[in-house]
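Novice: Sequence:
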Amino acid sequence: MAVFLLRVMHSASYTPPNHAPTFGDSAGHWAEDWIEQLALEGITSGCGGGNYCPNSPATREQMAVFLVKAFSLP
0 MAVFLLRVMH SASYTPPNHA PTFGDSAGHW AEDWIEQLAL EGITSGCGGG
50 NYCPNSPATR EQMAVFLVKA FSLP
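Taking numbering that gives the first Met the number 0 as reference, the numbering of the sequence shown is continuous, increasing by one, and the terminal residue is 73.
To be clear, the hints were calculated from the coordinates, so they are not data collected in a lab.
For every residue, glycine included, the Cβ atom is placed at its ideal position computed from N, Cα and C.
Fair warning: there could be bad hints in the mix.
[Said to hold, decoys possible] Simulated restraints on C-beta separations:
1) Arg59 <-> Arg6: 30 to 38 Å
2) Ser12 <-> Gly49: 29 to 37 Å
3) His28 <-> Pro73: 15 to 23 Å
4) Gly48 <-> Ser10: 30 to 38 Å
5) Arg6 <-> Gln61: 30 to 38 Å
6) Pro20 <-> Met0: 12 to 20 Å
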């Protein structure tokens, strides 16, 4: 989901820069830099408690919020 959103927003060849982990459970995850970029762009604040929950499926509601924030929709 993070890869999809950021590549649609920036370009199909976009790759985020390396970031220090913000979320306690995303360090070392294959999508760590993608997740951190979503946070830096204000698209996500994680699932609470300083975590992102990268292995949990995103709900339709969460995906709708990501899309609204990513594309500045009303």
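Novice: So does Gly48 sit 30 to 38 Å from Ser10, Cβ to Cβ?
Specialist: Since Gly48 and Ser10 have Cβ atoms about 33 Å apart, the given range 30 to 38 Å holds.
Novice: Range first: 12 to 20 Å. Now tell me if the beta carbons of Pro20 and Met0 are that far apart.
Specialist: Because 18 Å falls inside the window, the suggested range holds.
Novice: Could you say whether the range 30 to 38 Å given as a hint is met by the Cβ separation of Arg6 and Gln61?
Specialist: violated (19 Å)
Novice: His28 and Pro73, beta-carbon distance inside 15 to 23 Å?
Specialist: violated (32 Å)
Novice: Taking 29 to 37 Å as the stated bounds, is the beta-carbon spacing between Ser12 and Gly49 within them?
Specialist: At roughly 32 Å between Cβ atoms, Gly49 and Ser12 fall inside 29 to 37 Å, so the hint holds.
Novice: Take the C-beta atom of Arg59 and the C-beta atom of Arg6, compute their distance, and say whether it sits inside 30 to 38 Å.
Specialist: Because 21 Å falls outside the window, the suggested range is violated.
When the structure is compared with the earlier hints, violations turn up for hints 1, 3 and 5 and for no others.
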